[in-house]
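We have chain B; now place chain V onto it with these hints.
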Amino acid sequence: MKPDSRLSIAALTVERSRRAILESISVTFTSGKVTAVLGPNGAGKSTLLGCMAGLLAPSHGSVDLDGVPLATLAADERARRIAFLPQIPEVSWPVDVATLVALGRIPFRRIASDADNEAAVQRALQVTHTAQWSHRVVTTLSGGERARVLLARVLAGESGWILADEPFAGLDPAHQFEAADLLRSLASRGCGVVLTIHDLALAARIADRVVVLHRGRLVADDTPEAALTPATLREVYGIEAQWLAVRERSTPLIAIHGRHVG
Amino acid sequence: MSTRRWILPALLALVVLLAVASIAVGRIVLGWNVWLDQDAIGRTILLELRLPRALLGVVIGAALGLAGAALQGYLRNPLADPGTLGVSSMAAFGAVLSIFLGAADLHPLILPLSGVAGAMVGMLALFLLAGLSASALTLVLSGVILSAIAVAGIALVLSLSPSPWTAGEIVRWLLGALADRSLDDLALSTPLIAVGAALILSSRRALDALTLGEIGARSLGIDLGRAQWLLAGGVGLVVGASVAVSGIIGFVGLVVPHLLRPLVGARPAALLIPSAIGGAALLLAGDVAVRLLPGGSEVQLGVVMSLIGAPFFFALLYSMRRQVT
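Protein chains in written order, with the working numbering: chain B, 1 to 262; chain V, 1 to 325.
So here's chain B without its partners, still in its complex pose (with noise of 0.2 angstroms):
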């Protein structure tokens, strides 16, 4: 087990082109839990995980690693200890899929031995399930095949906080579930998985704790049940839902009956 983390959001505000895009956020994530980022589109939930992975300076506030302001971590340090998957990952060259993993090692390149990135490598190959393709172009695999590969590049890096923009975007439904599995054992071992999701059914599932942003503000922080209430989903996604009574197999699931008129 790995000591407790927090990753701690103080008045955290974001402006673009003197919009804000995020509007004075407090949020602590905590390790050991997966959290799902929610909200409709352009609520603000990429930027939110862009300054969490230290890729965005916020206009105010502040986003702490145990109480360091992640700012004054050096840049190999901080990609040491929150890894990163962004919404739209991006592979320029057809490089095989071991080769593309050991990308994940790059903070680690000055500081680890060769064999322990390469153990590292192919620990994340086994987990992800990858290690079959693992003398495959990345280019030739398909677009779900891709999306675990990259998700193995993310936990090569054995990093306490991963933070992933839409993982389960472009995965079939047993896929998505394996994803899911292998990110709720991680935090059950002690990481810190913070990611967004457009699937409310499947953030509902996998998520011990739900953040719903709408229009760059926090409008509710609770589990998935306190959190995606009826009312909730309808001024924020503008949708009718509700909680299913019948959890079946303990599957929490949530039907989505249409838009909200009105």
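Hints may contain errors.
Example chain B residues on the side facing chain V (calculated, C-beta under 10 angstroms, incomplete) [stated by the list, open to error]:
{"no.": "1", "residue": "R78"}
{"no.": "2", "residue": "R80"}
{"no.": "3", "residue": "A83"}
{"no.": "4", "residue": "I88"}
{"no.": "5", "residue": "V95"}
{"no.": "6", "residue": "T99"}
{"no.": "7", "residue": "L103"}
{"no.": "8", "residue": "R109"}
{"no.": "9", "residue": "R110"}
{"no.": "10", "residue": "S113"}
Here are the in silico distance ranges between beta carbons for each label pair [as the list claims (entries may be wrong)]:
{"no.": "11", "chain 1": "B", "residue 1": "T140", "chain 2": "V", "residue 2": "V299", "range": "35 to 43 angstroms"}
{"no.": "12", "chain 1": "V", "residue 1": "A152", "chain 2": "B", "residue 2": "R123", "range": "56 to 64 angstroms"}
{"no.": "13", "chain 1": "B", "residue 1": "T139", "chain 2": "V", "residue 2": "L17", "range": "32 to 40 angstroms"}
Calculated directly from the structure, the hints in this document are not laboratory data. For glycine and all other residues, C-beta sits at the position ideal for the given N, C-alpha and C.
Just chain V now, with coordinates in the frame of chain B:
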């Protein structure tokens, strides 16, 4: 993986073979006896003409191959090359300007340094025009613009100069060659190229990380601003110092990384050293070829490289046309 192990020794062996050929081949073919006999003329040809020519082929070919691989890695585009991007033309402009203004007469280092300055201005203009996430189209157009400015500048400056051989001079700069250079040229340019190569090699981590795009690279702790300066300096030095000696020789940096990518893998940092050695081999081969071609006067090396490289560029652009439009 096994192919990757033999490719580097094979390339090195090729360079040695071609260097020997470059020393031996010419209007007068030098045999092994030059080393054994007291053949004064043969020795002079060897030391004053052939040796500098072969060594410059190695150094400048390596510089152009390395610069091409680095630019392709940084811009994440296989069309990048100091020639196609106009960086070489800007280097030639810088060198020509220093000759015209008389600065080059003040100190022997001024000429190569002026080439370096021109190349660095070219790199900065390129970053300004194309940036990191440029499309192939933007990249090619930036190269067209920079080349147009530099070539017009070279022609203008040389036309204004009192030299009676203006036309010849313009051709000499625009279509470079390795003939008739001295060991002094080698001694002046090699240290600059070595420093530039060191700068380029120190950006290896950034080049690899950029495989994951700009955001991916930054999330891996890469300082892209630093990488940009390292490359502007590094490519500026290797290309500027090369062009100041040889004039513009295009397409080496385009062709070589592309040919080697299937052999050594596409990881940008892994491609740097092989591209340098491959660049040396290609330039030496071209320089031997110009001497073997029939005809009264020797064809400029730049002509041969363009004849090989331009159709190659055409084919590459054609295969990428969906991305371009």
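Hint numbers not upheld by this structure, sorted from lowest to highest: Violated hint: only 10; rest satisfied.
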